[in-house]
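> Letter by letter, the chains look like this.
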Amino acid sequence: MAFDRVLARLIAFFTSLRLTVVCLALGLVLVFAGTMAQVDLGLYKVQTEFFRSFFVFWGPKGASWKLPVMPGGYLIGGVLLINLVASHYKRFKFSSKKAGIWLVHFGLILLLVGQFLTDVLSRESILHLRDGEAKNYSISQRQAELAVIDRTDPSQNTVVAIPQGVLAKGGTVRNRYLPFTLRVEKFFPNSQISNRSLSAADPPAATQGVGPQLTVTQVPHVTVTDQSDVPSAIVNIDTPQGSLGSWLVSEWLGTWENSEFTPQPQSFTYAKHSYELEMRPRRFYVPFTIKLLKFHHDVYAGTDIPKNFSSRILLERPDTGEKRQVLIYMNHPLRYAGQTYFQASYDPDNQGSIFQVVHNPSWLTPYFACVIVGIGLVIQFSIQLFGFTLKRSRRPAPQPSGAAPLKRRLA
Amino acid sequence: MKWPLKILPWLFVALFGTEIVAVMLPKKEGEYHVQEFGRLPVLLDGRIQPYDTMARNALLQIRSMGSVPIEQVPSWKFWHHPETLKATPWLLEVMTRPDVADTRPIFLIHNPDLLDDLKLQNKGIDNSGLRYYTYNQLAPVLSEIAEQGKKADEVKAEEQTPFQQQVAKLANALMIYQRLKVTLQPEGTPNLSAEIQDFQKNLPAAQVAAQASASGKPFDRRALARIAQPVSDFRLMNQLAYALIVPPYPKEKGNKWRNMGASILDAFQGSGLNPAVKYLAQIATAYHQEDAQAFNTAVAKYRDWLKPAFSKDLRKGRAEYFYNSVNAFLHATIIYIFAFILAGTALLLYTLAPQISESFRISAFYLVILAGVVHTFGLIFRMALEGRPPVTNLYSSAIFIGWGAMVLGIILEWVYRVGIGTIVASLVGFITLLIAHNLALGGDTMEMLRAVLDTNFWLATHVVVITLGYASTFAAGLLGIIYIFLGLFTPLLTQKLEPAKAAAGAAPSRRMATAASRPGAQTEGQMEIGKALSKMVYAIVCFATLFSFVGTVLGGIWADQSWGRFWGWDPKENGALLIVLWNAIILHARWGGMVRDRGIMNLAVFGNVITSFSWFGVNMLGIGLHSYGFMAAAFKWLVWFDASQAVIILMGLLPLRYWRSFRTHALAAKKVTTETAGAPQPATT
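Residue numbers (the numbering used here), protein chains in the order written: chain A, 1 to 411; chain B, 1 to 685.
Everything labelled a hint here was simulated from the structure, so no lab data went into it.
Hints are not guaranteed to be accurate.
[To be verified] Straight-line distance between alpha carbons at most 30 Å, and here's what the computed DSSO-like set of lysine-lysine pairs gives:
id: 1; chain 1: B; residue 1: K86; chain 2: A; residue 2: K307
id: 2; chain 1: B; residue 1: K253; chain 2: B; residue 2: K86
id: 3; chain 1: A; residue 1: K61; chain 2: B; residue 2: K316
id: 4; chain 1: B; residue 1: K86; chain 2: A; residue 2: K135
id: 5; chain 1: B; residue 1: K307; chain 2: A; residue 2: K66
id: 6; chain 1: B; residue 1: K251; chain 2: A; residue 2: K294
id: 7; chain 1: B; residue 1: K253; chain 2: A; residue 2: K294
id: 8; chain 1: B; residue 1: K278; chain 2: B; residue 2: K86
id: 9; chain 1: B; residue 1: K316; chain 2: A; residue 2: K307
id: 10; chain 1: A; residue 1: K186; chain 2: A; residue 2: K45
id: 11; chain 1: A; residue 1: K186; chain 2: B; residue 2: K150
id: 12; chain 1: A; residue 1: K307; chain 2: B; residue 2: K150
[What the hints assert, rightly or not] Some chain A residues flagged as far from chain B (calculated, every beta-carbon gap over 12 Å):
id: 13; residue: I11
id: 14; residue: A63
id: 15; residue: S96
id: 16; residue: V184
id: 17; residue: R283
id: 18; residue: K291
id: 19; residue: A337
Since this is a predicted model, take the numbers as computed values, not measurements.
Just so you know, even glycine gets a beta-carbon here, dropped at the ideal spot from N, CA and C.
Make a model of the complete structure from these sequences and hints.
What follows is the structure, given as structure tokens:
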């Protein structure tokens, strides 16, 4: 009996319109707070802290503790979803009169679920090509990987890439393609590297490679939208015969284009194989190559207002023999093999193009959701407005005296 | 109704209609065919526009007004309209007779610190409390202004002090002015045609001399010296020219519009002197020498020369000149004000003088329709000029919000004939056009669209729909305000629609008769104004929900098309989402019986705050993809607007015993309440 009562109360709670309004209001506050917070925190951090979370935490600056002060996007969205489904299950009988409401809410469910799937499944990366250059991978803007490259065979490299997440956990990394293990001594999610003068008291970053000439320090996370963290790590290489010393690996040292330090691969030899260590942005490979034929940047006559950015590319897929030219320009991306390539940016000298590469299996859900909700709203409101006129013509008799509306207002 | 009251609405329509027709009729040219010159095309800001537009926008940026008063009229002589110099003649003067132009008080400075700094307090001309300065007065402190302006530009807009804002604006105005001066001819040249001919004549000898000099042979120094001055003049023009005024010659692919200096310098290689340069030089020379006959001939000849190859550009220039001179939005604004005053008065007289009230109401309604026609005319003309959907920037969004609210208001008035719809249409129309006018002070309002925006499909769908969402949310908010004011200060909320007319025994007007014959009109007539307002707000919130939801999702889809992210929590996206959420809250709260009429009104008023944040506020955060930069003046107004809405909501929360509309019924109601307190209210209507 008690269980029944609790259940009845729970059902009443989760199906109440009051809960809907409270959730919508909390959502409103969350979106507003999340917008204002972008000024200080930056878009990326706000997304993870406000919208992709169950609670928004707050603590005084510098303090180590934080309190949940507001429900986050996942919590509000989740409760709204339960509320929506439960109310429909319990209260609404399907009838032509309620068709509009059903459509609206079904579309909303589709939208919410689709966005949740996008959050979980989608992957954004960057493809930077100079004119004439071709690549079969794009790189992550947020994630690094430690590549251990076996360059022994001149015709082919063997690469073992260790994702940033694994490095961050620390401990020892083993891989069956490597005859040694990597022990992560320290990991810096965001770091600063500087040259170390010989007399300086600060300790060298590592014992091998470029390590002795440099120091590395931990710095806070970047909040500006167009910049990202630069991770570093110190790893020990342990072989069955003993340690090969500690190595500093960092995106600052990479051989990739944005590095401030001159590229100097750190290499060592073990068991007659020569290896190279490189911390680089995480790569996502695709089974085709994209070659940039020509990037165009048009401006309006007599001004420097951009009129159009466009990239002519050559798409080549060896396994199917496909080979064709595509023009990618603003609002006209290339969708191919589950990836979508958008014209995102360009090199200052106009001889290189930067594409945003998005892999999002649920990209179509908002399109359907929008149509469904739109139709639902139109049906619902026209039923209601139409209903007014029907009611009015059906009841030509005057309403009860003027006090009636007042009663309601005061009730 | 007595006949004077019957014809009053038509008198108003005739009065304002005549004015509109008068503006549209072609005006007589003066001694100089300045209008004809004003229609000629130039290329500026990436688009073909007439000289007139260039002149107006430059003057707006310099003086915040589209014309220059020539005579000083003491402010107490308000009936005396000072003679003014219109934009195009002012431009001609700046370009060809800078000595005169330099004496016109056009530079506005009102910051006392800046005046102190520049030691200008006692100079300048006082015009209705604002101080204007001539170029000559500023000449001694030009370098200081430029330096201070540069410093101010380095400070972020939201952190600029009033002093820095003013000095940055002044430096910009001076820069525009100086560039205008060398757009048509070198400053102070008495006879450009002759100068070009001399240059042409002296050039071959100078070229020989230059070659000789380069190879170390003896050369004619005088031949080089003869072209030294013109060359440096034309180079300066090439560097600084404000607009590209010389059309491509010969007209073929690869040839572009160029500025005057470049055209002259390159004239003597390859294709020779561009005929347009010759005509423009004649125009400049004639205006400088005050030779009206020669000026008119040169303008006509240049126009005839343009006709075959540049007829499209000529037509564009003429059309835009017409658009500028009609100034449809200004006239719509004026009519909106009158309509608002009339409709407001009609409401106040609702019970006191029903017949006069009705006459005023109809007058206001007709005027709003007239203003709406003018507003629509301007909107469509603008769309045709740009070849774009109605909303392309903040300026046009203001105009379109006003337009949407106008249409909504007229529909409301059509259904509920109490003048409230007219008030909504006229007030939102007036305020948004005022906002648009102030936004226009920033420069060209038909600027070219950046690459990502250059898509008529999304502008026509997402932008239009979302802007209609703004418009309807504002309309609902205004209805809420009207409810609160009428309730607190008048007894009208509990009055019946079409009340006293029947009671007074007057024969209903023809309009009322048709209204009464519509189905349901009888019960509608029995409805209280308060109830009617509540229904209006409900209907409009429904529309607002539809528009803002569909608009927001369409925006997401556009984002998915252009950078692969349906939703990125960008501030502008969030702003749109806030409106959707807010409208959803209002609807659900109503369906759940959590709020009644008054609650809905208060919620609707808060919708104004949310919409203003979404429309203007998020653009000023300085972050995100829709950031247009901080606007100090707009920010101040935004804060005031939001504060006023908060005050109105507080007023709306006052206990009902303070409400004039309900006070008279208070005693009777108390008794009734005790009897029916438990009666539930139906959730929906």
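> Take the hints in turn and mark each one as holding or not.
Verification of the hints:
no.: 1; hint: B/K86 <-> A/K307; verdict: violated, 33 Å
no.: 2; hint: B/K253 <-> B/K86; verdict: violated, 37 Å
no.: 3; hint: A/K61 <-> B/K316; verdict: violated, 59 Å
no.: 4; hint: B/K86 <-> A/K135; verdict: violated, 60 Å
no.: 5; hint: B/K307 <-> A/K66; verdict: violated, 73 Å
no.: 6; hint: B/K251 <-> A/K294; verdict: holds, 28 Å
no.: 7; hint: B/K253 <-> A/K294; verdict: holds, 21 Å
no.: 8; hint: B/K278 <-> B/K86; verdict: holds, 26 Å
no.: 9; hint: B/K316 <-> A/K307; verdict: holds, 21 Å
no.: 10; hint: A/K186 <-> A/K45; verdict: holds, 24 Å
no.: 11; hint: A/K186 <-> B/K150; verdict: violated, 47 Å
no.: 12; hint: A/K307 <-> B/K150; verdict: holds, 28 Å
no.: 13; hint: I11; verdict: holds, 16 Å
no.: 14; hint: A63; verdict: holds, 26 Å
no.: 15; hint: S96; verdict: holds, 16 Å
no.: 16; hint: V184; verdict: holds, 33 Å
no.: 17; hint: R283; verdict: holds, 19 Å
no.: 18; hint: K291; verdict: holds, 21 Å
no.: 19; hint: A337; verdict: holds, 15 Å
In summary, the structure is inconsistent with hints 1, 2, 3, 4, 5, 11 from the numbered list given earlier, while agreeing with the others.
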